[in-house]
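Enquirer: From first to last, the protein sequence lines stand for chains A and B.
FYI, in the working numbering the residues of the first sequence are 1 to 503.
FYI, in the working numbering the residues of the second sequence are 1 to 503.
None of these hints come from the bench; they were simulated from the model.
Predicted model, so just to flag it, every value in this text is computed and none were measured.
Don't take every hint at face value.
Each pair may be met inside one copy or between any two copies, as identical chains are not told apart.
Computed list of lysine-lysine pairs in DSSO-like fashion (alpha-carbon distance at most 30 angstroms, straight line) [unchecked claim]: (1) K318 x K82; (2) K97 x K15; (3) K65 x K15; (4) K462 x K208; (5) K492 x K65; (6) K400 x K318; (7) K15 x K318; (8) K450 x K341; (9) K250 x K208.
There are 2 protein chains.
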Amino acid sequence: MTVKEAISELTLLQKKMHALGHATGMIYLDSVTTAPVGTAEGRGETMGILSSMGYELFANPATEKLLKFLREHEDELTEQQKREVVVLTREYERTSKIPQDEYVAFRVLVNEAQSVWHKAKDQDDFPAFAPYIEKIVATLKKFAAYYKPDEEPYNVWLDQYERGLTMSTLDEFFAVLKETIVPLIHRIKNEGRQIDDSFLHGHFPIEKQREFSDYLMEVMAIDRSHCGIGETEHPFTIDFNKRDVRITTKYHEDNLVSSMFSVIHEGGHALYELGKGDELMYTCLDSGISMGIHESQSRFFENIVGRSEAFVNLIYPKVQELFPEQLGNIDAHQFYLAINKSEPSLIRIDADELTYCLHVMVRYEIEKMLFSGDVDVYELPDMWGRLMKEYLGVDVPNDKSGVLQDSHWSGGSFGYFPSYAIGTAYAAQITHRMEQDLNIDSEIASGNLKGIVNWLEEHIYKYGSMYDPADLFFRCCGEKFDPKYFTDYLTKKFTKIYDLNQG
Amino acid sequence: MTVKEAISELTLLQKKMHALGHATGMIYLDSVTTAPVGTAEGRGETMGILSSMGYELFANPATEKLLKFLREHEDELTEQQKREVVVLTREYERTSKIPQDEYVAFRVLVNEAQSVWHKAKDQDDFPAFAPYIEKIVATLKKFAAYYKPDEEPYNVWLDQYERGLTMSTLDEFFAVLKETIVPLIHRIKNEGRQIDDSFLHGHFPIEKQREFSDYLMEVMAIDRSHCGIGETEHPFTIDFNKRDVRITTKYHEDNLVSSMFSVIHEGGHALYELGKGDELMYTCLDSGISMGIHESQSRFFENIVGRSEAFVNLIYPKVQELFPEQLGNIDAHQFYLAINKSEPSLIRIDADELTYCLHVMVRYEIEKMLFSGDVDVYELPDMWGRLMKEYLGVDVPNDKSGVLQDSHWSGGSFGYFPSYAIGTAYAAQITHRMEQDLNIDSEIASGNLKGIVNWLEEHIYKYGSMYDPADLFFRCCGEKFDPKYFTDYLTKKFTKIYDLNQG
Chain A
1 MTVKEAISEL TLLQKKMHAL GHATGMIYLD SVTTAPVGTA EGRGETMGIL SSMGYELFAN
61 PATEKLLKFL REHEDELTEQ QKREVVVLTR EYERTSKIPQ DEYVAFRVLV NEAQSVWHKA
121 KDQDDFPAFA PYIEKIVATL KKFAAYYKPD EEPYNVWLDQ YERGLTMSTL DEFFAVLKET
181 IVPLIHRIKN EGRQIDDSFL HGHFPIEKQR EFSDYLMEVM AIDRSHCGIG ETEHPFTIDF
241 NKRDVRITTK YHEDNLVSSM FSVIHEGGHA LYELGKGDEL MYTCLDSGIS MGIHESQSRF
301 FENIVGRSEA FVNLIYPKVQ ELFPEQLGNI DAHQFYLAIN KSEPSLIRID ADELTYCLHV
361 MVRYEIEKML FSGDVDVYEL PDMWGRLMKE YLGVDVPNDK SGVLQDSHWS GGSFGYFPSY
421 AIGTAYAAQI THRMEQDLNI DSEIASGNLK GIVNWLEEHI YKYGSMYDPA DLFFRCCGEK
481 FDPKYFTDYL TKKFTKIYDL NQG
Chain B
1 MTVKEAISEL TLLQKKMHAL GHATGMIYLD SVTTAPVGTA EGRGETMGIL SSMGYELFAN
61 PATEKLLKFL REHEDELTEQ QKREVVVLTR EYERTSKIPQ DEYVAFRVLV NEAQSVWHKA
121 KDQDDFPAFA PYIEKIVATL KKFAAYYKPD EEPYNVWLDQ YERGLTMSTL DEFFAVLKET
181 IVPLIHRIKN EGRQIDDSFL HGHFPIEKQR EFSDYLMEVM AIDRSHCGIG ETEHPFTIDF
241 NKRDVRITTK YHEDNLVSSM FSVIHEGGHA LYELGKGDEL MYTCLDSGIS MGIHESQSRF
301 FENIVGRSEA FVNLIYPKVQ ELFPEQLGNI DAHQFYLAIN KSEPSLIRID ADELTYCLHV
361 MVRYEIEKML FSGDVDVYEL PDMWGRLMKE YLGVDVPNDK SGVLQDSHWS GGSFGYFPSY
421 AIGTAYAAQI THRMEQDLNI DSEIASGNLK GIVNWLEEHI YKYGSMYDPA DLFFRCCGEK
481 FDPKYFTDYL TKKFTKIYDL NQG
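Looking at chain A on its own, in the form it has when it is part of the complex:
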């Protein structure tokens, strides 16, 4: 085998993996947008077959040999090819280290867990779901030992979602957040002004909200010839390649801003995928590098841009044009205050910008304890209640508004939640760096976000998965991640919004 032959084999292998990913992604997208209700069985059959075809294609001795050969000829490879070999080698090790029967058993467990969780949440029946948490955690601990026998199992899973992330980083990160946010919440409660957001909960016809989504995507400089928008129960972003990205939202007739911020948030994810370098197409590098970096992009647009006064000033004429009866008597500043109203609450996905990360912290603390064995699974509801009270000051009335609210654990995702918080915090530091090149408020005031999008493309998007998250972050910001940027941002923003004494 010559290096040239090996590279063309590597390229073809990646194209095949990409095509299978495109196929399963499309079948998934159909399932949550269009498919009739009774079609799960055949879809499951096809997904299973395609996934085993992907496994056979990738996790075999030929791949191992190919990757080994290319590592041995590293100096004949381009930077991109080297990176492809690195990423695929990691993937190969991850895939091949778990015995196939154990992997299949885990997929079966998780499938069952998901449907049990749905029912348990509906019926507020935590004990029905508890044994699944127990079994899933036990399996994940075993798998972690296959991957990295010398590492703390929970660290292994954190690393899966955000390479390099560890409990020691997160402990420090959350400690800093807690130190800032908890007192701020108290001051808002005790000293803050009253903010009226009742006008956000009028009647907003869905047809008009759809027009609003189109407008928001236009402002965000999202190229609609390469990015569609659909409607699903839970908003998400999926990309098939950099020229074919789809976002979804969910419209609520009695709530204007729920879909508005879904569109802006998912639009942020979409811009990342749309801005990747052409040269990465159909390779394993053709995706955002990590959960945390991805979330930094969506949260940047959702919170730092979307909840800024400059952005409200830009879009408010359109908002009033679309909803004259509902918002004709409300001025832009009132709207700005309303969309930033902070109030401790029970449900993570409805949480405001200030309290959001504390919801994540509750989950992080519990996941750590589950992995260390410091909490019994049946004690989780109590533990959840205690932590929610301590961090957010709220009482949890039942498990469906508490420990059963999120789907992640039933899907086998432990170590995933922290990336939501870390990404949110990344965004503040990236903003700080961006401000050295751009005046963000002026960019927004110019009429659309093209200038901001171009900056992000240049500093983040175009690299796809060329660099690990910490490396990419350092390249972008010129320094390591520091949560101080985020806490400073929150303090400044919410002190002003709630008119708190700055002393």
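Once you have looked at the hints, place chain B on chain A.
Expert: Structure of chain B alone, referenced to chain A:
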């Protein structure tokens, strides 16, 4: 290899082929319903890769060996397994007989031809498209010689779409049709009453038409949990398996019956796919057997049921409820006459039940001449005009309303058109047979078509691809195909509708 092992290999191979088909079908469905306009490139890439994965999976010596082994152990196989081996062996021979480079070159030619045809049609520029017809026919003649060197090339292609169909059958078939229909058209023109259908061309809001589609599917006893409806430029039906079928329609605000008959027609295709036997799922037998039989099912519902007075009587209260302003003053009989108005016209897809098959005949005559070399491709517009005048009595003003109107030739489909006509004629004979067991009008009057659907499921649907079309037809009807049933049906129906002297 034991027979048991071979069978499980055969099953897995079919499941993989099915999964790839599901995947490409879904990507296609997305492309015509939801995909943003700029996404063709990545879709083409994935479709190409998935199609070559399918080729590699199937057209290789292991498949040949497997099929040979199973043929040698035929007596140890079930009827269904035997049939799977037969169908896959045919498919294997078809696939492996064409050199891969020639096949790829043909796909490239056809891709180009399709985009040239689009432009040529827009610009009424036949000479731009003519060389592609020439090249495509030349290639198809060459391929036909690879398949069956001793057979007339055009017969080889007829057989691809309707196994067993030949020019001699079709010559006779079309002669009988022409003999009946041409004089009938003249009598309608000269002696028939005037039928007013102007009220079908008012304003019919699309939202109401969507409700109408739902109602029609309910009447047709289509299980909506397994059959969705979407909207596309050209209506079609696609199935992923018997429990996941999708139809599409196209709404025209100024035309109520265009979408109505699309829904009924595609609903007929859908019922066929929904009614296949469970035991065929994920095998090569899990689809309707042929173009002709499929068309017999769609045309049966569209024409024989959907354009019957019993059906109009059933649905008309709903029609008036949905469109009170437009149709409040029109009675059911007027509506029945209007949807059956027959008038020679230029465009096949807009043709009425009586004249439709003559449009197909024009194409059939021309295809035959192209394959025999009896016409030069540049003479096609003249030839088209002459035949349209002879069969339908109309003058063709330009090529976009003439020889350029259909996409089929640009896609490489020659020998396909006749199956539209033959299927339409099958439907009449199937109806005759059904009448021996059921009173169709009473079934319709009962409120829905469940009784009719059950009969078709028992006599046609459930067999999927278990039998070749002629065998299935014989099993169903107890006799061979005879176009007389169709000409009798047309004569009787249109004599009555146009109040012609029966002498």
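Enquirer: Are any of the numbered hints broken by this structure? If so, which, sorted upward?
Expert: 1, 4, 5, 6 and 7
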